[in-house]
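Line order of the protein sequences matches chains A and B. Numbered continuously in numbering that gives the first Met the number 0, the first sequence closes out at residue 376. Numbered continuously in numbering that gives the first Met the number 0, the second sequence closes out at residue 399.
What the hints contain is simulated information worked out from the structure, not anything from laboratory work. If you're wondering where the values come from, they're calculated on a predicted model, not measured in any experiment. Ideal Cβ positions, reconstructed from N, Cα and C, are used throughout, including at glycine. Any given hint could be a false lead.
Stated by the list, open to error - Now the stretches of chain A that chain B is said to cover, found in silico as 3 or more residues with beta-carbon under 8 Å:
#, segment
1, 29-41
2, 47-54
3, 214-226
4, 345-352
5, 356-367
To be verified - Okay, derived cross-link-like pairs now, SDA-like style, lysine to any residue, Cα gap no bigger than 25 Å in a straight line:
#, chain 1, residue 1, chain 2, residue 2
6, A, 285, A, 136
7, B, 101, A, 211
8, B, 130, A, 366
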Amino acid sequence: MSDITLGTAVAAAPEAVPRTAPLSQIGLVGWLRANLFSSWINSAVTLLVLYFVVRWAIGFVEWGVINAVWSVPNNQTQVCRDLKGTGACWAVITEKHRFILFGTYPYEEHWRPALCVLLFVGLYIVSAMRRFWRKELALVWIGVLTLIGALMWGGVFGLSYVPQERWGGLVITLILATFGLAFAFPLAIMVALGRRSSLPAIKALCVVYVELIRGVPLISLLFMASVMFPLFLPEGMNIDKLLRAQIAIILFAGAYLAEVVRGGLQALPKGQYEAADALGLSYWQKTGFIILPQALRLVIPPLVNTFIGFFKDTSLVLIIGIFDLLTAGKTAIIEPAWQGFGVEVYLTVGAIYFVFCFAMSKYSQGLEAELNRHRVR
Amino acid sequence: MSQTTMDPRLLRAPPKRKLRLSWADERVRGIVWQILVVGLFGAIFYWLWSNTVHNLEVRRIATGFGFLDREAGLPIGESLIEYSPTDTYLRALLVGLLNTLKVAVVGIVLATVLGTLVGIARLSRNWLLSKVAGVYIEVIRDLPLLLQLLFWYSIMQSLPGPRQSLNPVEGVFLSNRGLKLPWLEWQDAHTYALLAFVAGAVGTWLWSRRATALRLQDGKPRPVWPAALGLLVGLPLVVWFAFGAPWTVDWPALRGFNFRGGLTVTPEYFALLLGLVLYTAGFIAEIVRAGIQAVPHGQWEAAQALGLRRGAVLKRIVLPQALRVIIPPMTSQYLNITKNSSLAVAIGYQDIVSIANTVLNQTGQAIEGIAIIMLVYLTISLSISLFMNWYNARIALVER
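Just need the whole structure built from these sequences, with the hints factored in.
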């Protein structure tokens, strides 16, 4: 059958030479036809979306660049108000950017929190590289976090002492997120192991902890930390507000991370547990050498996603009045001269959050692809 | 494998060992560990508890929920039920709870619709549409929700006043006093028509079940749509006409410095709802996309090979399978939207957290106030979980 058709085809076109595909199928035209104008309804959708995107982009450029006011002398914001919303007042950022980034930290000492932010970023980058994933990384973390503490408080190496109440801005957000992560992660591993434990009392404790925390909003925990926590402690003993909020965030993140880790523990084939038992390993040997290294590797992408959510959630400390990046932004526009320029400030603060979260999100996607390379066909 | 083919030696119960009082016995170790851990936690809780009792005595704060019967003296801007500041704290908290439910329920419905649309747009073969949806998802998910809420609220506040309000469609006004919409003047006839509609929906559901059962018996298809049309549209219309077809629309109109009439959506509610819906829709879109992509391509091809139309393939083959992947993460998004509605306190919408917070500041009953907040959210979370688990079990793959 196939021989016959082949034969006739060859007979019908003896001079057949390889031809290139028609111009309408390849190159830019082909791509446009396939992806934007494949049918009349598709063309209509393309044009409609294009119209809105272009219109919105032009509007944004007009507002944010062409009509914008970039600076005003001595808080004279009348120029901005005269625009009546047709242009952005970036002068608020020019004027207040130091306040938004560093809060009420002494002005001449701003290089210290700035250096801390760089140290944090450096720490994240080093931790993200797979070649540094070894035990020494824990020492690096301890070292860098101690250095950051020394820089922020001062009082050593000739640095002036800055009380914690004056810290603020981006560095508080990074402190809450990083310290929260550093403590919540070990807690989460313990809770996840406890929830899979065969000891009923320990299992029950872990289940109650996880379900209780996951059932209530973070705000209620933060309220608890700010209003109720002082009642828990003996008279005279007082923990400062930032630390209380930090504890609430650690407890909150611990419960969510524990569920992610538990997912990894469950996904591991039962044979791994049984093989470790058969080798006569003790519970902690089994967990430390066999189970955790494999289980954690399985859940790295969801872990990073949880980190992103958790980084964003640190902004909730605004509600109990802790001076993080978002609170600094909100406070910057309380002054009567600058009232009403919330949109500009929130766009700027949003851009900072976006840079951090987007980097983490892209990293997580890249890592997921790399870890799944053996599955790609 | 059935029991009879199994090796009889495997069926024997393992020999019972006596508990030896030695560290080498695994069970003894387990019991000791549990006693230690539970004892430690018990001691910590006892310590915290005794501190609290002592502190409360020193500060002369009475414990208990007796304060709920006292007069609140607390003004509340918007309420679904009758409320005045002379009512009790209990009623104020009830108003807060209803406000939370109002934003959560509406938010869940709108976020599901928007999220599904964006998720489908992300999968579209149209490159531009897919990219726009992708950018939306990426940007919205990488910004803190609280920041988005503050952003929308500051936009609401910077809108012009009622006199210069934006008027995109006749009867719809957007100003810094909120959104004004025309609204039907509610009368008894409308209530009865609504009841007729609900009865019609139940009737349609019963008929479609019956039609399927009959079709399974003799193979003849029976159309559902004429019955659905009659029951869902006809019946309410008949009821409405029976009551004389009353129809008055309440148009909002500018009187002096503010609007009269019409339905008001306050700026706080509008900003909160907008923020919650846009944020959660980004997550739901990803869930929907992942769910549809989880259905293997062979399922589409096999269904097409059977000669099913595209709509039927989607409805009968792809969606039932995609839903199994979609439902569990969707549940947690619904829980998130409910819990995230507590951020209302930051923009001044009076939900349960905001009102309980005011109450605890007024009365000093910190423990009771926070206990109420936690209890409310735990109840809502557990109810949503139970419902979604039931639904999930209903549509789950029946395995042997």
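Quick rundown of the hints versus the structure:
| no. | hint | result |
| --- | --- | --- |
| 1 | 29-41 | holds (count 4) |
| 2 | 47-54 | holds (count 3) |
| 3 | 214-226 | holds (count 9) |
| 4 | 345-352 | holds (count 5) |
| 5 | 356-367 | holds (count 3) |
| 6 | A:285 x A:136 | holds, 23 Å |
| 7 | B:101 x A:211 | holds, 24 Å |
| 8 | B:130 x A:366 | holds, 22 Å |
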